[in-house]
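> FYI, in this note's numbering the residues of the sequence shown are 153 to 303.
You may find that some hints are simply not true.
Calculated lysine-lysine pairs in the DSS-like style (CA-CA distance at most 25 Å, straight line) [said to hold, decoys possible]: (1) Lys-228 to Lys-155; (2) Lys-162 to Lys-242; (3) Lys-221 to Lys-242; (4) Lys-162 to Lys-221; (5) Lys-155 to Lys-221; (6) Lys-221 to Lys-168; (7) Lys-242 to Lys-155; (8) Lys-242 to Lys-168; (9) Lys-155 to Lys-168; (10) Lys-162 to Lys-228.
Don't read these hints as lab results, they were simulated from the structure.
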Amino acid sequence: MAKQYIEPQKRYEDHKSTGILFLVLGIIGTIAALLCWMDVFKFPLSGFQLGILLAMFVSFIGFGFWSLKCASEVLKTVDTENNQVADMRKWIEENRETFCVSDTSDLTDDEIYFQREQDIHDAIAAQFPNLEESLLDIFVEETYQALFEQH
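Using the sequences and the hints, build the whole thing.
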């Protein structure tokens, strides 16, 4: 299955909310496990079971910090990536009329669709060779709709 492109702002929000959730759960769970260990809470758990729970909740805290770190890294690239995508869309809009130049006179309707999609794909990929495949798929679909499915 192809990887789906997710806008940087959405990736930031996902990492941030995941980090906060894991931090909160980890802290609450760690405190609860420690209180059980000190017999403040009475649960029928052995020391080994409490140790496993404590390790799990501490790992939640670690994962929360890691996720927040990822969020801060994504936040640094939001503006740059949004500007790059906007520049690519502008270039595509300015040049899309030249994308579909293949002769389709002897093709069926289905074959014409796939040929046009391939022509659009090739033109965009030639201009932006390092473009993420999932973003390229979005551009191809948008361009095809703009060229051939205008209402």
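> Of the hints stated earlier, which fail here?
3 and 8
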